[in-house]
Each structure stands twice: as C-alpha cells, then as structure tokens.
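Asker: Chains A and B are the protein sequences, given in the same order. Counting in our numbering, the first sequence tops out at residue 510, every number present. Counting in our numbering, the second sequence tops out at residue 312, every number present.
There's no promise every hint is true.
A partial selection of chain B residues facing chain A, derived with a Cβ cut-off under 7 Å [unchecked claim]:
#1 240
#2 242
#3 252
Footprint (simulated), chain B over chain A, 3 or more residues, beta carbon under 8 Å [claimed, not checked]:
#4 35–43
#5 448–459
Hints listed in this document are in silico derivations from the structure and should not be mistaken for laboratory results. Ideal Cβ positions, reconstructed from N, Cα and C, are used throughout, including at glycine.
Residues per chain are reported as follows:
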Amino acid sequence: MSTSLPPMSQRGFLRWLWRQLTSMKTALILLFLLAIVSIPGSYFPQRGTNPILVDQWIADYPTFGPIFDSIGLFDVFGSPWYSAVYILLFISLIGCVVPRLGVHWRAMRSQPPPAPKNLSRLGGDTFEIEGESDAVIENAHAFLKKNHWRTVIGEDADGSRWVSAEKGYLRETGNLVFHFSLILILVGIAIGGLFGWRGNVIVREGEGFSNTLTQYDAWGGGRLSSAESLPEFTFTLESFNVEFERGNSQAGAPRLFEANMVVDRPGEQGSTTHLVEVNEPLVIDSAKVFLVGHGYAPHLIVRDSKGQVVLDDAVVFLPQDGNFTSTGVVKVPDSEPQLGFRGLFLPTSAISEELGPHSIFPAPDDVSVFLGAWAGDLGLDSGVSQSVYTLNVDNMTQLGLESLRVGQTWQLPDGSGSIELAGFERWASFQIASDPGKELALIAAILAIVGLSLSLFIQRRRVWVKVGQVTEQGPSSRVKVEVAGIAKASGHDAIEQVDNIVETLKGRSA
Amino acid sequence: MDFVNSVELADASNNFVYASMVILFLATISFSVSFAAGRRRVPQIEVFSRRVLVESSGSQVHESEVELTQLDPGRRAANIGMSLTWLAAVMLLMGVLLRGVWAGRVPWGNMYEFSISSALGILVVFLVWSTQRDLRWLGLFVTIPTLLTLGMAVTVLYTESAQLVPALKSYWLVIHVFAAIIGGGAFTVGAATAGLSLISGKGWFTQLPSREKLEGLTHKIIAFSFPIWTFAVVAGAIWAENAWGRYWGWDPKETWAFITWVIFAAYLHARSTAGWKHQKASVIAIVGWLAFLVNYFGVNIFINSLHSYAGV
Numbered sequence: 001m002s003t004s005l006p007p008m009s010q011r012g013f014l015r016w017l018w019r020q021l022t023s024m025k026t027a028l029i030l031l032f033l034l035a036i037v038s039i040p041g042s043y044f045p046q047r048g049t050n051p052i053l054v055d056q057w058i059a060d061y062p063t064f065g066p067i068f069d070s071i072g073l074f075d076v077f078g079s080p081w082y083s084a085v086y087i088l089l090f091i092s093l094i095g096c097v098v099p100r101l102g103v104h105w106r107a108m109r110s111q112p113p114p115a116p117k118n119l120s121r122l123g124g125d126t127f128e129i130e131g132e133s134d135a136v137i138e139n140a141h142a143f144l145k146k147n148h149w150r151t152v153i154g155e156d157a158d159g160s161r162w163v164s165a166e167k168g169y170l171r172e173t174g175n176l177v178f179h180f181s182l183i184l185i186l187v188g189i190a191i192g193g194l195f196g197w198r199g200n201v202i203v204r205e206g207e208g209f210s211n212t213l214t215q216y217d218a219w220g221g222g223r224l225s226s227a228e229s230l231p232e233f234t235f236t237l238e239s240f241n242v243e244f245e246r247g248n249s250q251a252g253a254p255r256l257f258e259a260n261m262v263v264d265r266p267g268e269q270g271s272t273t274h275l276v277e278v279n280e281p282l283v284i285d286s287a288k289v290f291l292v293g294h295g296y297a298p299h300l301i302v303r304d305s306k307g308q309v310v311l312d313d314a315v316v317f318l319p320q321d322g323n324f325t326s327t328g329v330v331k332v333p334d335s336e337p338q339l340g341f342r343g344l345f346l347p348t349s350a351i352s353e354e355l356g357p358h359s360i361f362p363a364p365d366d367v368s369v370f371l372g373a374w375a376g377d378l379g380l381d382s383g384v385s386q387s388v389y390t391l392n393v394d395n396m397t398q399l400g401l402e403s404l405r406v407g408q409t410w411q412l413p414d415g416s417g418s419i420e421l422a423g424f425e426r427w428a429s430f431q432i433a434s435d436p437g438k439e440l441a442l443i444a445a446i447l448a449i450v451g452l453s454l455s456l457f458i459q460r461r462r463v464w465v466k467v468g469q470v471t472e473q474g475p476s477s478r479v480k481v482e483v484a485g486i487a488k489a490s491g492h493d494a495i496e497q498v499d500n501i502v503e504t505l506k507g508r509s510a
Numbered sequence: 001m002d003f004v005n006s007v008e009l010a011d012a013s014n015n016f017v018y019a020s021m022v023i024l025f026l027a028t029i030s031f032s033v034s035f036a037a038g039r040r041r042v043p044q045i046e047v048f049s050r051r052v053l054v055e056s057s058g059s060q061v062h063e064s065e066v067e068l069t070q071l072d073p074g075r076r077a078a079n080i081g082m083s084l085t086w087l088a089a090v091m092l093l094m095g096v097l098l099r100g101v102w103a104g105r106v107p108w109g110n111m112y113e114f115s116i117s118s119a120l121g122i123l124v125v126f127l128v129w130s131t132q133r134d135l136r137w138l139g140l141f142v143t144i145p146t147l148l149t150l151g152m153a154v155t156v157l158y159t160e161s162a163q164l165v166p167a168l169k170s171y172w173l174v175i176h177v178f179a180a181i182i183g184g185g186a187f188t189v190g191a192a193t194a195g196l197s198l199i200s201g202k203g204w205f206t207q208l209p210s211r212e213k214l215e216g217l218t219h220k221i222i223a224f225s226f227p228i229w230t231f232a233v234v235a236g237a238i239w240a241e242n243a244w245g246r247y248w249g250w251d252p253k254e255t256w257a258f259i260t261w262v263i264f265a266a267y268l269h270a271r272s273t274a275g276w277k278h279q280k281a282s283v284i285a286i287v288g289w290l291a292f293l294v295n296y297f298g299v300n301i302f303i304n305s306l307h308s309y310a311g312v
C-alpha cells in the first residue's frame, strides 16, 4: 500500500480509492482474505449441506453456538462478510483488467517498436557475412514471418537497416480471457442460484413420486425460480438393489446401489424404465434425478385396545451409521389413547454394553427393531407442525420397551393395543435438481483453463536484426549483422530465438 | 488358483513399494553425502572448469575433466543419488501398477493407493524436470518428502485392496485424480525450491543455486502446476455434478482445493508485484503447499467430508 495520504478533494479521494482498490497489492490482500475466510466453512458444519449437524453443534455448545450462528459461521459462503470479500475482489479484478483490454487491443494492432540504437548492449550476436544488406534483411524478414513474428523494417540515420519483430501477444490475450472467464463463472453461479432449484424426496420400493412441490420432503429454489416451472413427470421405484462388501477388508462398504425406475411423462406414450445409479443420474428435460441415499422402512402393524388395525404401513427410518443402525418414529393418532413409538431398526442386530442395541452390518442378515412405546396426546392438534422423525412426549406416559423380530407382536401393557413387525422395505432418497447456469459455468471454466495456460506458457519476446555496411571494401560485398533479443518476463530470455536467426542467416549466405 | 494368484500380486505390489522405499532411502543418503561434500565447494570454480572443457581440445580435455572431479567432491554421490531415484521411481511404478492389476481397477480407490501414487507423482515431476536441467542439488529435498509420503502410506493409511465404493465408479476418477496427483507432485517440488530460496546462501546452504535462480525455478514449476490444479478442480466439479447433483457444494475437500487454488493464484500475482517478487512470494508458495497438504491429508483424517471413504 502506498504511504501517501489520500488527497483532500472529494473527486481526488474517489480516484485515490479506486486506484488503491485496483492495485495489484490490494488484489493480493483480497486473495489472502478470500483464502482465510473460507477456512471456517470447512471446519464448522454448514446449513446448506448439513443443517442437522448445525443444530446439533448449537445444542452442544449453548454459549458459543448462538454467537457463531449470528455471525454466520454456519453459513460462511452466504454470509455478508464472505460476500464482501469476493465482491471487492471482483471489483478489483474488473478495475484491473478492463483498462488492460484497451491497452492490449492497441498493442495488437500496432507495429513492434524500432530497433534500439546499440544492439550489442543487449548481448546477442555480431558477425560478418557476405551478401547485400537488402538481401540479408529480406532473409531475416522472411524467416521471422514464417515463424509468426510480427515484424517491421526500418532504417537508422547512419544507413544501417533493421528488422524489429515481436511475438507472444497471446500471453496477454490468455491473461485477459482467464480473468473475464472468472467473471463468467460467477455469472453462471448467479444464474444457477437465481433460477435453479433442488429438492429431496424419499421413495419406498413400489411407491411413486410426481414432480410437484408438495411431494418433496425438502425443496429449495432460487429467488426467480417458481414451483410452476417444474418439469412434469412421475416415476415409480420398482426395485432397489444394494450390495455390500462381505470380504474381510472394508467389510460393509457399499459396492452397488441401483434403482429401477419406471418414468411417465405427459405427452409421451407409455412408460420408460431406467436404471439410476450413483454416477448415472436420470435426465428429464432440465432436471436431473440423482440417487443420493437409501435405508430401511420397517413394516409395522398397530392395533388399538379393541384389536382394530389403526396403522399398517412401512415407516421410513433414517440410518445413523455405516451399518445402518436406523432411527425412526411411529405416530398413531387414530387410537384411543393416541400411541407413539420411538424405534431403532437394526439390519444385523447386536447388543453391547457400550453401544446398546446397534447394527454390525448394513445388509438385513438378522433384522430386529427396538421400540419404546408412549400413550397420551401426540400434540398434533396444537397447530404447530411436527417433524415425522421426532416424537413429542411432553403429554405422554411411557408404556415400556421391547425388541421385536420379523413376525413377532408386542402386546402393550394395560391393554392399550399391540404392535407387530410384519417385515421391512427399502427406500431410496433422490435429489432432483435443475441448474440452468451450469453450462455457462462449464464453458467459462474451460475458457479459464485455456486462457491461463496461454498466459503462463507463452512468452512475449522481441528480437532485432540490424545490418550495417563493413567499412573496408573487399572484392565481394560484406555486411556486419547484429542479432539480439529480449524476453519480457524475468527468468526468461530469447537466446534460442536469436541462435535460430543467426543460424538461418549464416546458413543461407554460406 | 485365483486366490493364490491374487495373494501373490498383493505381496508383489507391497514388495515393490518397500523396495522403492529402501532405494529411495539410499538415494537420500547419497544426496546427503553430496550435499555435505558440496559445502566445501566454491560454486564459481565449477562454472570456470566447465568453460575450460568446452574451449579446449585434445589432451587438454582429459586434464580438465580430472580437474573437474577434484573440484566437485559431491558430484559422484549426487549422480548415484539420481540413478537410485530413477530406480526407485521404476520400482514404485511397478508397485502402483501391480496394485491396480490386483484390484482390477485404477489404483486410486483409497488413501493408501492415492498416497503411493502421489509419491510417484512427486518423483516423476522431479525426474522429468531433471532431464531438462541439472537438478542434482534438489534431489535431497525431493526424496525426503517422497519418503515421508510413502512412510505415511505404508503405516497409517495402509488398506487391503478392495472394490470401489459406487461413488467412485466413474471415468472421472481417472481424470480428476491423475491431474490432482501431477499438480500436487509439482506443488511439492515447488515448495522445495521455494524453501531453499529462503535459505540459499546462508550457513550450510552456500552451495545452492542463487536465490534469484531458485525463485525463478519455483515460478516455473508453479506456473506448470497451477493450470493442472485448476483442471483437477474443474474435473472434480464436473464429476460432482454427475454424482451428487451439484458441481460445487463447499464440501471441505472442495473448500480446501479452492483455498489452495486461491493461494497459488496469489503467488502468481505476487510474482508480478513490486516488493513481493522474492521472499514473500516464496513464503506464499510454501503456504499454498501447506494448504494442499491440509486438503490431501487433513480433510480426510480430521474433517467429516464427502471425500472420506475407503478406510480413511
């Protein structure tokens, strides 16, 4: 940062501010800041990707949790301070690059500067050859043209003629393309953020889904996206196949997930079947359907005190660990009194003192559920919406705990009814997303890489060839030739280029 | 039959990795001997003696060659070190290839495989570069981080070969990881030259190339690796779009890849900013490499990330 004080007048001050903002040092500092402010986003759980973990974090640290939340540490990349840094960086970038655009445009259309008076001071090579001055210049000029140098021929006051040549304009072109591509990427991200949408849905085997807002478990759309613009389609999850590693190494690691889906679209005759896998999403118009998870849904049958069936359904339980120890909640509002269950579903059951009931393998080798039963008021009539995965037991009394295997029934105490584990189903979770900005972002990213490579690998060089008459006159005419060159970037030179020219001139005259 | 075959392949792969570690250790010793001997060497004499070689003819050449050997006590040890490094790279390549044959897929399914491949990446970048210019002085500072990477791989990160988790079953695995390995290897070599540029000319390190020369080399290698790293990040984003439904989601691995990218972008800017070209730029290059290390080891070990799978 320059140490000079800002000027007093308002206009002068603004100009000073602009110059500071667009200076390379400011860009450097902003780049560092961007790196530093990104770090908490990798350490703290983020609302956008893991809202459950965020709530847990805040609950675990009641003092710091809310403070960190209020300063945006759980939503770093959407926080005002993060935005401030990258917006300043992009302003600095634009302010730095736009003026260079004009400079480069003029440079591209202008001729190389005339050769310096004294070439020998630049190193290079000086030698004498036989030939006419014009012929040597022509030689050099033809060689340079053939190798794509931009050239200009001129003459000094003392009569010596020269060729001045420059190459490597693509370096700055690449540099500018790279920086403008970064702006384009940001535009692509913004378009995706404004017009894109993304929803999650859990679908049990045999169950269907139709692409309307109400069918989603969670949906988020950009400010300018609308629920009416969702592409119309329905699908049914026919079957879901999953395999796990059974060898000693990495036992339990997933080896295969695949969802067999039947898709229907309006205006299309008949259904189509698709196999959706983890790296193989289903593409429907602007939307993509991704397979993102799976789990178990125990099929439970609940009877009330009179033996009437009040619930007969597969209830989605959410996996809590790699072995699919899953938790879930069953609410039975239609019995008298109302019944509620909290449950653990274990695909391969085990009990230890340390962990309690838990699963030791993700495949359903030895299935059981552990249930806790409550009777009383579920609180569903209070008007406050409840999650299907939590049970509010404030106005309920606990009836007891029991474990069930498939086909077993638990008679609840006091004749409150019974619950039976009839079996289990699988479910798959899908993310359905549309991002209209991603193509632009991709094209911009490719442009950025091309521009970057040009700006880093192409060197800007100037070379000069100067031909003067030799003072003493011999039988055949001889000329004195000077060849020299420079590279613009430090650490580079034009020795190879100069050598090539020298070789050509000597070779052709010999 | 298949089982016997597979056990043999597994053992062979591991043996090649161990063999390459032993050879690399010997290379490190050779480079150390060269380094210690070189302390007594005055750099200018070397340049001078070379010129004699070029300009003289006949028997004089012979004489000056003898002179050269006497003037360069560490040269022979450094040459042995280079040969051993080539041999270690070949051994490691065999180890990585056999691992792939054994697993029946690209050998980048877990952190162990990724680490032995990264160690190979460092050696390949160094050795290929060494065919363009004399890098014998750098050998010691490349073999040590490579050995540490391999040591980490065989002790902490070792995983029996197994199939890929479904998320990794994509040809983008090959493209994305290959670019990350080469980019990371070059960042590591760049960190070595950057670190040396900070101490060149001081104390033990008078024999190293000049500070300016080392800074120039650092710039060259980072200019090479930065576009590759950019490509690795973009390829990862394309893959993520296909597998997870978004091309960028600030997963910790993505965040740290971005941080690494930003720091090296700062390095390149620093190189063309007055007052930042020299020591400060070198420090930035080292910080960038540290961010790369966090991205590579730290995220998998300490942070819950979508990239945590298969053992670590």
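Asker: Report holds or violated for the interface hint on residue 242 of chain B, using the least CB-CB distance to chain A and a cut-off of 7 Å.
Answerer: holds, 6 Å
Asker: Using Cβ atoms only, decide whether residue 240 of chain B comes closer than 7 Å to chain A, and label the hint accordingly.
Answerer: Violated - the Cβ of residue 240 of chain B stays beyond 7 Å from chain A, reaching only about 10 Å at its closest.
Asker: If you count the residues of the segment 448–459 of chain A with a beta-carbon closer than 8 Å to a beta-carbon of chain B, do you get 3 or more?
Answerer: It holds, with 6 qualifying residues against the three required.
Asker: Closer than 8 Å Cβ to Cβ for three or more residues is the test here. Does the segment 35–43 of chain A pass it with chain B?
Answerer: holds (count 6)
Asker: Measuring from the C-beta of residue 252 of chain B to each C-beta in chain A, is the shortest one below 7 Å?
Answerer: Holds, because the Cβ-Cβ distance from residue 252 of chain B to chain A comes to roughly 4 Å (cut-off 7 Å).
Taken one by one, the earlier hints fail for this structure only at number 1.
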